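Student: The lines below spell out each chain.
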Amino acid sequence: MTAGPALEVKGLSIKFGEFTAVDEVSFTVERGEIFGFLGANGAGKTTTIRMLCGLLIPSSGSALVGGLGFADGGKGIKKIVGYMSQKFTLYNDLTVGENLDFAAGLRKLEPRYAAKRRRELFGLIGFDRPLNTLVASLPGGVKQELALAAAMLHDPEIVFLDEPTSGVAPASRARFWALIRKVTALGKTVIVTTHYMDEAEQCGRIALMRTGRLIALGSPDELKASAFPGPMTELDFNGSAPAAFLENLEKAPGLLELSPHGMRWHAAFKDKAAMEAALAALPAAASCTLIKPSLEDVFIRLVEGVER
Amino acid sequence: MNQTLKAFIKKELVQTLRDVRMRILLFGAPILQLTIFGLALSSEIKNIKLAVFSQPGDTAAVRLADDFYSSGWFKPALFSPGEDAFELIGSGRADAVLIMPPGGLGRAAGRSEGKMQLLVDASNATKARVVEGYAKTITARAAAAYGAPPAQALSFDVRVLYNPAMESALFLVPGVVGMLICLVTIILTAMSLTRERELGTFETIVSAPLSDGEILLGKTLPFVLLGMAVFVLVLTAAHFIFGVPVRGPLWQLFLAAFVFIITTVSVGTCISTLARNQQQAMLGGFMFLFPAILMSGIMYPVENMPPSVIAAAYLDPLMYFMRLLRSIMLKGGDLHVFWTNVGALALMAAFAAGLAYNRFRQTLD
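The listed protein sequences correspond, in order, to chains A and B.
Just so we're aligned: 58 in the numbering used here is position 58 of the first sequence, and the numbers increase by one with no gaps anywhere.
Position in the second sequence counted from 1, then plus 1000, gives you the numbering used here.
So that you can see chain A by itself, here it is in the shape it has in the complex:
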């Protein structure tokens, strides 16, 4: 394992014809980090990851993955990273053993070494079914764990997981995240994309992407503090919200964000004074509670939010 950060990305861009899919993205990821990419579909998360796996050559900018660049067309990078794409990575019509044998063949792993790695990884993911089990017959969560094992068969330093838990049951999602933490405990770096806010909370740092640009970067707490410097309240009108009040609130000076959350509303303000002024006319039946902003609030404010 070489020294230095796992990823060092500077001004990374890629264009497909006229379309700029990833635009001047810069960040650094230290070894052993869980680094998350958060963003809507088409924000450029997958494209960024595919470049960092050596699958796409950047149009401009530089990226060092485990200290390696793109001079050899990405082949060196491919050797030291593991990639689990968001679609199928295992063949449903092959058995567990056949899938892992093929993964070993793709990486030209020596059979004895591959068998040793397989045992280690089965221990890591807690897989104890027979090797001749058809992958199609496995539950979704187990399939994803096995896909991770296949992506790590060649013992990569850095593991890229593109939406590894989409379509997986909540209990299995929690199991998978426990597994991700185990992987980083082994000294590996994990880069993960997700749609789930609760998963993003578990990342060491998060990069928020919108339309190919990196719009925020930091730990979940840092992101919350920078997106919402002032207080945030949850308004409960105990029934439907009075339209007139909401309309006034929307225009209130110092309001940063107003968004519906089920029957309740979240309102964030620049500072305490702005909040008190805006909520002076709060109907008697309504209650307001100070809350800590969630990542979802951050996401709404930074990615989908209206510019104020």
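Check each hint, because a few of them may be wrong.
To be verified - Chain A stretches covered by chain B per the calculated footprint, using a threshold of three residues with CB under 8 Å from any CB of chain B: (1) 86 to 95; (2) 99 to 113.
Said to hold, decoys possible - Calculated lysine-lysine pairs in the DSBU-like style (CA-CA distance at most 30 Å, straight line): (3) Lys79(A) - Lys1006(B); (4) Lys15(A) - Lys75(A); (5) Lys1006(B) - Lys116(A); (6) Lys182(A) - Lys75(A); (7) Lys1136(B) - Lys1049(B); (8) Lys1049(B) - Lys1127(B); (9) Lys1010(B) - Lys87(A); (10) Lys108(A) - Lys87(A); (11) Lys143(A) - Lys1010(B); (12) Lys1049(B) - Lys1075(B); (13) Lys143(A) - Lys1006(B); (14) Lys116(A) - Lys87(A); (15) Lys292(A) - Lys270(A); (16) Lys292(A) - Lys272(A); (17) Lys75(A) - Lys1010(B); (18) Lys108(A) - Lys1006(B); (19) Lys108(A) - Lys1010(B); (20) Lys1010(B) - Lys116(A); (21) Lys224(A) - Lys270(A); (22) Lys1010(B) - Lys79(A); (23) Lys10(A) - Lys224(A); (24) Lys75(A) - Lys1006(B).
Said to hold, decoys possible - Which chain B residues face chain A? A few, computed with CB under 10 Å, are given here: (25) Lys1006; (26) Ala1007; (27) Val1014; (28) Glu1203; (29) Thr1204; (30) Leu1210; (31) Ser1211.
Source of the hints: derived by calculation from the structure; they are not laboratory data.
In this text the structure is predicted, and so the values were computed from the model without any measurement.
Note that the Cβ used here is the ideal one computed from N, Cα and C, for glycine as well.
Assemble the complex: chain A is given as a structure, and chain B must be docked to it using the hints.
Tutor: Coordinates of chain B only, in the frame set by chain A:
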């Protein structure tokens, strides 16, 4: 051999052969098709209804008619004297009408003059050609019995020469073999590649540190092997079910098949680079297959096609393979025919493989 290539071969073979439906499609269907094609076509040209119009007392004509009816191909059509020959054919009561010379066949043959006329229902052109061929064979035999010089009697076409029994199965089975190999390799290759892209498993393959050539070879070589297996199987079946001979050397047969399959697998690869999903790959495969089969000479002789189509037929790999199969299996594999056609096929294979490699590389990103 390269470890990655071995892993690919094992994986593709297991994937293709694990599915029962796929096994049936690969090995059951060709045998079934072979049988149906062979049997349906060979029964169609038996029981040809023939009416013989002759003068009363023309014993030579009666003998010739007997030759026809005892050949096993013809049976007498039912008609009453004085009926119109065209009417007979038009109403479908006769497939062919043989009209003897007005002065009687015996006299005409003795003096080498007078004409015998054969009317054939050509609404089915293939059948008409077969009927014509039969009639030529029988009358030639009869003419020889009369001592007429063979050159003067009738001219044969190539088919009669190498398929003297005029068994259409003998002639068509090599065609069916070629068609099936074409179908299996093109569709299978195109579908398999497209499926990987569609499901997303292709991402995992390209994320491994492999060269483009390794990936392409890994995804195509298994289908070359499968194609060869199907070829051996269909050939064996053709030999034992229809008694189709293999008169030429086996090495010619296998070399021809190998070069042909490289071409078709490359075509399948090109199709997969254009198709977005498996349905498109399947349809694309058929869009290539149908013209390829029609222009190959399996069903209609290439020589009978309009010049523009003949020009296109020379770009049809199946046509060369067809010529090779017929030449090797039925005629004993003339070396000149072999090398010219294998050479043409090899050129096409090289071009198709190059195009496939180029297209494939472009779609890797």
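Student: Hints first: check each against the structure and report whether it holds.
Tutor: Right, here's what the structure says about each hint:
no. : hint                    : in the structure
1   : 86 to 95                : holds (count 8)
2   : 99 to 113               : holds (count 8)
3   : Lys79(A) - Lys1006(B)   : holds (20 Å)
4   : Lys15(A) - Lys75(A)     : holds (21 Å)
5   : Lys1006(B) - Lys116(A)  : holds (20 Å)
6   : Lys182(A) - Lys75(A)    : holds (27 Å)
7   : Lys1136(B) - Lys1049(B) : holds (16 Å)
8   : Lys1049(B) - Lys1127(B) : holds (12 Å)
9   : Lys1010(B) - Lys87(A)   : holds (23 Å)
10  : Lys108(A) - Lys87(A)    : holds (23 Å)
11  : Lys143(A) - Lys1010(B)  : holds (22 Å)
12  : Lys1049(B) - Lys1075(B) : holds (5 Å)
13  : Lys143(A) - Lys1006(B)  : holds (25 Å)
14  : Lys116(A) - Lys87(A)    : holds (27 Å)
15  : Lys292(A) - Lys270(A)   : holds (14 Å)
16  : Lys292(A) - Lys272(A)   : holds (14 Å)
17  : Lys75(A) - Lys1010(B)   : holds (25 Å)
18  : Lys108(A) - Lys1006(B)  : holds (10 Å)
19  : Lys108(A) - Lys1010(B)  : holds (14 Å)
20  : Lys1010(B) - Lys116(A)  : holds (21 Å)
21  : Lys224(A) - Lys270(A)   : holds (13 Å)
22  : Lys1010(B) - Lys79(A)   : holds (23 Å)
23  : Lys10(A) - Lys224(A)    : holds (25 Å)
24  : Lys75(A) - Lys1006(B)   : holds (21 Å)
25  : Lys1006                 : holds (7 Å)
26  : Ala1007                 : holds (2 Å)
27  : Val1014                 : holds (6 Å)
28  : Glu1203                 : holds (4 Å)
29  : Thr1204                 : holds (5 Å)
30  : Leu1210                 : holds (7 Å)
31  : Ser1211                 : holds (8 Å)
In the structure shown, no violation is registered for any of the earlier numbered hints.
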